[in-house]
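Q: Just so you know, the protein sequences line up as chains A and B, in that order.
Each residue of the first sequence is one higher than the one before, counting from 62 in this note's numbering.
Each residue of the second sequence is one higher than the one before, counting from 2 in this note's numbering.
Hints were generated in silico from the structure; no laboratory data involved.
Heads up, some of the hints might be wrong.
[To be verified] Heads up, incomplete: computed chain A residues facing chain B, CB under 8 Å, no partners named: (1) A63; (2) A194; (3) H269; (4) V274; (5) I276; (6) Y281.
Yeah, the Cβ is synthetic: ideal placement off N, Cα and C, and Gly gets one too.
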Amino acid sequence: MAKTIMIDGLSIPFEEGQTIMQAATDAGVYIPHLCHHPEFSPHGSCKLCTVKVNGRNCSACTFPAMEGQEVINNAKDLNADRQKITQMLFVEGNHFCPSCEKTGNCQLQAVAYHLNMLDDHFPLFYQHREMDASHADLLIDHNRCIFCTLCVRASHEHDGKEVFAISGRGINKHLIVNSESGLLKDTNISAMDKAAHICPTGAILIKHTAYQVPIGERIYDHQQIDQVSLNSEQVDHDK
Amino acid sequence: MYEHLETADNKENLKRVIVEPVSRVEGHGKVTLLLDEDNKVKQARLHIVEFRGFERFIQGRPYWELPVLVQRLCGICPVSHHLAAAKAIDQLVGIDPVNLPVAADKLRRLLHFGQVLQSHALHFFHLSSPDLLFGFESEISKRSIIAVIEAYPDLAVQGVMLRKYGQEVIRMVSGKRVHGTGAIPGGMNKSLTKDERDYLLKDIDQIINWSVASVALIKKVHGANLPYYDDFATIRSNYLGLTKPDGALELYHGGIRAKNADGDTIIDHVDYCKYNDYIHEEVRSWTYMKFPYLLSMGQENGWYRVGPLARVNNCDYIDTPLAEIERIAFKAHSNEAMVHSTLAFHWARLIELLHCAESIKTLLNDPDILSQDLVAKGEKRYEGVGVIEAPRGTLFHHYQVDENDIVTKANLIVSTTSNNMAMNESVRQVAAEYLSGQELTEPLLNNLEVAIRAYDPCLSCATHAIGKMPLQLELINAKGELIDKLVKGSDGHIDRNLYA
Numbered sequence: 062m063a064k065t066i067m068i069d070g071l072s073i074p075f076e077e078g079q080t081i082m083q084a085a086t087d088a089g090v091y092i093p094h095l096c097h098h099p100e101f102s103p104h105g106s107c108k109l110c111t112v113k114v115n116g117r118n119c120s121a122c123t124f125p126a127m128e129g130q131e132v133i134n135n136a137k138d139l140n141a142d143r144q145k146i147t148q149m150l151f152v153e154g155n156h157f158c159p160s161c162e163k164t165g166n167c168q169l170q171a172v173a174y175h176l177n178m179l180d181d182h183f184p185l186f187y188q189h190r191e192m193d194a195s196h197a198d199l200l201i202d203h204n205r206c207i208f209c210t211l212c213v214r215a216s217h218e219h220d221g222k223e224v225f226a227i228s229g230r231g232i233n234k235h236l237i238v239n240s241e242s243g244l245l246k247d248t249n250i251s252a253m254d255k256a257a258h259i260c261p262t263g264a265i266l267i268k269h270t271a272y273q274v275p276i277g278e279r280i281y282d283h284q285q286i287d288q289v290s291l292n293s294e295q296v297d298h299d300k
Numbered sequence: 002m003y004e005h006l007e008t009a010d011n012k013e014n015l016k017r018v019i020v021e022p023v024s025r026v027e028g029h030g031k032v033t034l035l036l037d038e039d040n041k042v043k044q045a046r047l048h049i050v051e052f053r054g055f056e057r058f059i060q061g062r063p064y065w066e067l068p069v070l071v072q073r074l075c076g077i078c079p080v081s082h083h084l085a086a087a088k089a090i091d092q093l094v095g096i097d098p099v100n101l102p103v104a105a106d107k108l109r110r111l112l113h114f115g116q117v118l119q120s121h122a123l124h125f126f127h128l129s130s131p132d133l134l135f136g137f138e139s140e141i142s143k144r145s146i147i148a149v150i151e152a153y154p155d156l157a158v159q160g161v162m163l164r165k166y167g168q169e170v171i172r173m174v175s176g177k178r179v180h181g182t183g184a185i186p187g188g189m190n191k192s193l194t195k196d197e198r199d200y201l202l203k204d205i206d207q208i209i210n211w212s213v214a215s216v217a218l219i220k221k222v223h224g225a226n227l228p229y230y231d232d233f234a235t236i237r238s239n240y241l242g243l244t245k246p247d248g249a250l251e252l253y254h255g256g257i258r259a260k261n262a263d264g265d266t267i268i269d270h271v272d273y274c275k276y277n278d279y280i281h282e283e284v285r286s287w288t289y290m291k292f293p294y295l296l297s298m299g300q301e302n303g304w305y306r307v308g309p310l311a312r313v314n315n316c317d318y319i320d321t322p323l324a325e326i327e328r329i330a331f332k333a334h335s336n337e338a339m340v341h342s343t344l345a346f347h348w349a350r351l352i353e354l355l356h357c358a359e360s361i362k363t364l365l366n367d368p369d370i371l372s373q374d375l376v377a378k379g380e381k382r383y384e385g386v387g388v389i390e391a392p393r394g395t396l397f398h399h400y401q402v403d404e405n406d407i408v409t410k411a412n413l414i415v416s417t418t419s420n421n422m423a424m425n426e427s428v429r430q431v432a433a434e435y436l437s438g439q440e441l442t443e444p445l446l447n448n449l450e451v452a453i454r455a456y457d458p459c460l461s462c463a464t465h466a467i468g469k470m471p472l473q474l475e476l477i478n479a480k481g482e483l484i485d486k487l488v489k490g491s492d493g494h495i496d497r498n499l500y501a
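Bound-form chain A, shown alone (with noise of 0.2 Å):
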C-alpha cells in the first residue's frame, strides 16, 4: 500500500526520496513557487512554497514526504505571506510589466496575479542595476533578476557548464558571469543552452524574439499559473 501524506486534508499519495513537492504536483496540488524547477535540484530560497508540516513551516520543494505529515498548503496566513514575500521580490527590483517582453509569460507575474497582489506594499528599492546586452543573442537584465538561480543550476547541471553564479551577500547580491570581463559575451553560454531560456521573468531573454508570441496566445493569458504549472511540471516528474 502507497505511502501517504496529508495536504490540506487531503490524502496524497508519494514514493520514497520524493519531496512535499514533488508528491504535490503530482497529485494535481498547486504550490506557488519560483525558484523550483522538476529538473534540477531543489533550492529552497525563495520560499514561496513555504508550508506547515506538523506545526512547523517548511520549504516544500526541498523538505521530504514521510508518513504522517500533516501538511497546511493553501491557508489564508500562507499565502498572505507568499503574497508578502512576491512583493518584495518586486520592489527589490525593477519590474516594469507594462513594457517587459515577457509579461504574459512572466512566472513573477504570474504568481503575484494568483496570489492576488494589488500593490506593492514595500517602497520600491530604484536600484540602480546594470543591462548587459553584449551577448549577439542573448541578455541579461539584471533589472528582473530575482536570485532564483534556475541559470545557475541549469548551466551547471543540463548544460554542463558554469556560466552563472550568485555573489554578494544581502542587498549587494548579484548574478555574475563566468568571464574574465565579466561580460556574457566572453562566456561559453550558447543561446541553445537550457539556461538560456529557464529564467521565470525577463532577466535573462533571448534577443530579436521581443513580442512575437501576440496578446491571446501567450502563456498565462487563459490559464493562471497554477494550472499551467501542473500541466508542465507534472510531465517533468513522470521523465
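Since chain A is already given, all that's left is putting chain B on it; use the hints.
A: Here is chain B on its own, set in the frame of chain A:
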C-alpha cells in the same frame, strides 16, 4: 500677429490671472494672463507643466522594447507612438517601408485608422461637443458630455459607439484596446482571423453612416455661426504634414509637405528621415514644451500647424469618395487657398474621421489582412526615423542604437509640440480680441480653453472627459495680492471668494 503679447514689459505692474489646469484636454497645462489696471491683456501664455522625460529613460533599453515602451506616453493615442517607433525600428533591422510585407503594412494601416477614428470621436463628442452645441460661455453645468447625453442622447450614443468601434479595431489587431502589442521589428505579430474580420465588418456601414452625419453636424454648426467661427482664435500660419506621392491625404506613411499661409509650397515630398535638415526646435524658459520651426523660414516665421486642419489643407485630394466630397466643401467655404479658422480644426477632424471609416471598410475587404506573411528582416542599421500622422498631427520618432542593440539617443517631436506656437498665438488672439478690457468671469475664460481645445492637444490625462476637472482662477493685483478667486470643485460646484 499677436507675438507682442508673448512677453510684457514692466511685468511688476501687472495683474496675473491663471487658468489652471486647462480642462477637457489630454494632460496638464495652464494659461497665464497679465493685465494692466484697465484689464487690458499685456501678456498671454500657454504653459505645459508636465515633464515626462521619455527621451532620456528609453536610453539604455534594447530597441525592440521601443514600440511597447513609448506607447505608454499616452493613453489616448498610444497606437501612434507604437507605430512611429515601429517604423523607426524597422530600419534598425534593415527594413524600409517599401520592403515591409504587404500584409504587415495593411494591418498597421488598419490599426492606425482605428486609432485615429477613436481619438477623433473622443475629442469631438466627449471633449468639444459641449462647447460647440451649447456655446462657449454657456453655464458650467452644460459644459460636459453629461449635458450632451441629456440634450442630444442619440448623438451622444453615436459618439460613444464610434469611439468603441475604433477601439475594437485596435483590439482585433493588437490584442488590447489600449497598450496592446502588434508591431514588431520588420512587421506584425499577427494577422486578422476571418472571424475577427467579420466581427468588424458587420458594423462598418453603420460607422460610415454615423461619420457622415457627424460631418454634417459640424458643417451645420460652423455655418450657423459664421463669421464668428471663422474668426475665433484664428491665425494665419504655415501647415505641415505627410502626403502620398500623388499629393493625397496620408496618415501612415508619406513625404513631408509644408505650405505657407497663402498655400504656396515650402517643401514637398521630403524624406522624413532627413527631417533634421528641415525642422529645428527652440527652447523657451517658461514651458517644458519646445517650439519647432521650419529651418528655411527661421525661428520668427517658421512655426507651423499640424493635425487635421493642416492635413486637409495640405493635401490635393482624399482617396475615399465620401471624405473627398466633404474636403471639397470644406475648402470651398473659405475665400483663401488655405482654411485658417482654428475652429475649422473640428470640421477637418471629422472629415478625417469619415476617411478613416471608409478606409477601414476597404482594408477589411482586402484578403491581404488575413495573410501570414508578416515579418521581413534585412541588415542591421544603427539609426532609424519613424514618422506618422497621429490624430493630433505629425509625430517624429528618431533613435540611434549601439552594436549591442541598446538605444543610445532618442528624439521625439510630438504633434502637440508642433502646435505649441500656434496654440499660444490662438490664446493671445482670444485674449486680445475677446477678453482684453473686460471684467474676467469664468465663462469668459472658457474661451481660452475653447481655443486650446480646438487643437486637441495631448498633454496626456483622461480625467477631464466628464468636464468636471477641478479648476482654480486667481486674480492677483499689481502688489501681488489675491483680489479674486474662482474655484470649481471636482463635483462641478463653483465658489467665488471675494477679497477686499
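Q: Would you mind marking each hint as holding or not holding in the structure?
A: We went through each hint and held it up to the structure:
1. Annotation: interface hint on A63/A violated; nearest CB of chain B at approximately 46 Å, more than 8 Å.
2. Annotation: interface hint on A194/A holds; nearest CB of chain B at approximately 4 Å, less than 8 Å.
3. About 7 Å separates the beta-carbon of H269/A from the nearest beta-carbon of chain B, less than 8 Å, and the hint is met.
4. With its C-beta approaching chain B no nearer than about 7 Å, V274/A sits inside the 8 Å limit, and its interface hint holds.
5. Proximity of I276/A to chain B holds as hinted, the smallest CB-CB distance being about 3 Å (cut-off 8 Å).
6. Evaluation of the Y281/A hint against chain B yields a violated restraint, the C-beta minimum of about 14 Å exceeding 8 Å.
Hints 1 and 6 from the earlier list are contradicted by this structure; the remaining hints agree with it.
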